[in-house]
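Asker: Keeping their order, the protein sequence lines are chains Y and B.
With the working numbering, you'll find the first sequence wraps up at 548, consecutive numbering, no jumps.
With the working numbering, you'll find the second sequence wraps up at 309, consecutive numbering, no jumps.
Bear in mind the hints are in silico, worked out from the structure with no lab data behind them.
Straight-line Cα separation of at most 27 Å, DSSO-like style, residue types lysine-lysine; simulated pairs:
1) Y:Lys416 with Y:Lys494
2) Y:Lys37 with B:Lys305
3) Y:Lys407 with Y:Lys393
4) B:Lys127 with B:Lys184
5) Y:Lys81 with Y:Lys71
6) B:Lys305 with Y:Lys81
7) Y:Lys71 with B:Lys305
8) Y:Lys407 with Y:Lys494
9) Y:Lys344 with Y:Lys416
The lines below spell out each chain.
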Amino acid sequence: MTSISFNNFGGNLPNSIGNLSTQLRQLHFGFNMISGKIPEELGNLIGLTLLSMELNNFEGIIPTTFGMLEKMQLLDLKGNKLSGEVPPIIGNLSQLYHLSIGDNMLEGDIPSSIGNCKKLQYLDLAQNNLRGTIPLEVFSLSSLSNLLNLSRNSLSGSLPREVGMLKSINKLDVSENLLSGDIPRAIGECIRLEYLFLQGNSFNGTIPSSLASLKSLQYLDLSRNRLYGPIPNVLQNISVLEQLNVSFNMLEGEVPTEGVFGNVSEFVVTGNNKLCGGISKLHLEPCPVKSIKPAKHQKIKMIAVIVSGVSILLMATIILTVYKMRKRNKKPNSDLLKIDPLAKVSYQDLHQATDGFSGRNLVGSGSFGSVYKGNLESEDKVVAVKVMNLQKKGAHKSFIAECNALKNIRHRNLVKILTCCSSTDYKGQEFKALVFEYMNNGNLEQWLHPGTVNVENQRMLDLDQRLNITIDIAFVLHYLHLECEQSIIHCDLKPSNVLLDDVMVAHVSDFGIARLVSVIDDTSHRESSTIGIKGTIGYAPPGIFIDS
Amino acid sequence: MALLKFKESISNDPYGILASWNSSTHFCKWYGITCSPMHQRVTELNVEGYQLHGLISPHVGNLSFLRNLNLAKNSFFGKIPQKLGQLFRLQELVLSDNSLTGEIPTNLTSCSNLEFLYLTGNHLIGKIPIGISSLQKLQVLEISKNNLTGRIPPFIGNLSWLAILSVGDNHLERDIPQEICSLKNLTIMSVFLNRLSNTLPSSCLYNMSSLTFISAAFNNFNGSLPPNMFNTLSNLQYLAIGGNQFSGTIPISISNASSLFYLDLDQNNLVGQVPSLGKLHDLRRLNLELNSLGDNSTTDLEFLKSLTN
Chain Y
1 MTSISFNNFG GNLPNSIGNL STQLRQLHFG FNMISGKIPE ELGNLIGLTL LSMELNNFEG
61 IIPTTFGMLE KMQLLDLKGN KLSGEVPPII GNLSQLYHLS IGDNMLEGDI PSSIGNCKKL
121 QYLDLAQNNL RGTIPLEVFS LSSLSNLLNL SRNSLSGSLP REVGMLKSIN KLDVSENLLS
181 GDIPRAIGEC IRLEYLFLQG NSFNGTIPSS LASLKSLQYL DLSRNRLYGP IPNVLQNISV
241 LEQLNVSFNM LEGEVPTEGV FGNVSEFVVT GNNKLCGGIS KLHLEPCPVK SIKPAKHQKI
301 KMIAVIVSGV SILLMATIIL TVYKMRKRNK KPNSDLLKID PLAKVSYQDL HQATDGFSGR
361 NLVGSGSFGS VYKGNLESED KVVAVKVMNL QKKGAHKSFI AECNALKNIR HRNLVKILTC
421 CSSTDYKGQE FKALVFEYMN NGNLEQWLHP GTVNVENQRM LDLDQRLNIT IDIAFVLHYL
481 HLECEQSIIH CDLKPSNVLL DDVMVAHVSD FGIARLVSVI DDTSHRESST IGIKGTIGYA
541 PPGIFIDS
Chain B
1 MALLKFKESI SNDPYGILAS WNSSTHFCKW YGITCSPMHQ RVTELNVEGY QLHGLISPHV
61 GNLSFLRNLN LAKNSFFGKI PQKLGQLFRL QELVLSDNSL TGEIPTNLTS CSNLEFLYLT
121 GNHLIGKIPI GISSLQKLQV LEISKNNLTG RIPPFIGNLS WLAILSVGDN HLERDIPQEI
181 CSLKNLTIMS VFLNRLSNTL PSSCLYNMSS LTFISAAFNN FNGSLPPNMF NTLSNLQYLA
241 IGGNQFSGTI PISISNASSL FYLDLDQNNL VGQVPSLGKL HDLRRLNLEL NSLGDNSTTD
301 LEFLKSLTN
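Sequences are here, hints too, so could you generate the full structure?
Answerer: Put into structure tokens, the structure is as follows:
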């Protein structure tokens, strides 16, 4: 170990420094006035585990010879005048847990090779001239527990939802950059966060209420962005939140009054001209009254109850009548209005739901993808996740075809689609999946032609059930062909695409090669065709081959 | 029977090493006991490191032929019995790493044959007893990691055989007496982490060519290091004087301390240019942190060249 830190040493570091023993583990030069270039020869000291040169006047580039220092655990070059790019060889330093090269004049992109430093707990690249987007590899560093500081650069693009993979990060600072887009909901998954600094960017969208899941959050700065919408009330619930700054955005609505919002010294909301309410010391306009103020007398209350009761009844009658009238000249879209907004699920949700798409949960695989059984926590139900095999030619098209077919249809004999997911997986590969209701009784194929595997619990369909299933399928085909705004031809109807639920009701599935046929003019012309082979040999109608 | 009394005062014996201590076997065959072959008298009692919990029975003082008493690394508590002073044949007393309290018994000074005294790692209080000066044969005095107060007594200079003086991590005050320089056999001087002040006895220290190890870190020493300080310390391997208020420059004579492998001068008020360290071929650790060394001049780091050539 050699340390000369915290003195008044000036001058240059001699190149002969590289002649020190290769046994040397620690070398500390920090807090002096040493100038000149960092000698390339430092790379000879392959025994180094700790090298600190912070707060000097070093200039020039970070030598690429540092790539040889494979035992390096701590590298601190903060606060010098280093220029050039962050050398990608930094990725060679696989033992690195602390990398601090902030406050220099480094430029260019953040090298994605930094994702190879799998032990990194502390990463400080702040106060340089770094550009480009933040490589996703940075967020794959789940080891990051102390600090990720990218502030005061010129980074652009969005803060990707992968930020949620930083499960143990304590302090995240991307402030004073050129970042835009939404603040990802997934930020709520960084559950160890105590300091979150996003100020001085161009983030837009609303403040995600998922921030309230950050139970340890003490400092939150969202100021000087383009955030709109309300301040989520749930931010009141973060009990340890000490400082909140949402100033200079475009926020509107009521300022909460509890938690951090209870003490005017702990939060800043200035520069948002549409905010109202809050504690009196804020001197904001009171919010417009939303509800009837509680009446003083019981009688008035009674009258109010009666009046509102009657009006509700009246409205219900009107709605029912309208509904009946509309039902007569049926428009399928009207039903859709009542569907709950599709739950948003991330790749991570699905990954979790299916135990990482494990083989145990694989329930089938079709032409363009595999179907996994999964337990989606957010929906609290068992689902089937159809993951598209995007490597396969036509899988993209199939995904689109299925989405197009499913987006406007709803029938008791169709498999209900819950949501879909179009994202990237942990490796950065494109990921597309559809999430369906899970059907407990498998597919009709298994019932009609049981394999020899499950001989012991084989069951047979009785005639009644077979008839019901046939009727179910007929119903849904009638619906698809004649009752939809745009006719849909399934193109691959076969027993393995007929799924059976708990009570043996049939649900048709797999619209991967379905066709939409417009019937606006009489000459039925194809609007959305599909790929070469249509259907399964043996099940496809002869006509389809003639057609093609 | 002193040994059975010793056993009685031990309340916990997790390894059961005292199980053999019963009247059915001759005490010379008991675990940890060595007897003189001729007269079958107990000459050694060694039960180091068995997590024994209890008091040290004063009856041990009756084992008048005892030459070696080693109770180290146990959980003995209470005071060191004054009666140990009766053991005039005692050469080695090892009570380190227990939970002993009270003062170092003054009676110990009558153990005139004592050569090795290890009391490190207890909770002893009070001063270093004056009587220690009568232990003329003492070679090792290790009393570090206690709560001892007062001064390092000047009469320590009388212990002409003393090779190891280890009094670190106590609450000792004032200076290191000049008399220490008369210890011609002293190889290890460890006084770190006390409240010692004034200058090191540097006017004579450089004469002590026997010294291999000096640890005086984390005290209140001040003054400058005399230029000739290292002239004759050619055997010095370890020098740690960090965390004091030493001022002035690093003596050029340091290059004579050619055996140095560990050099900590950190956290002082040292100034100026660092002299050549070129002759310190074995140097493995060099800590100069937190001083005011260097003048922001181009020659400041010349000494690094001397290290590498």
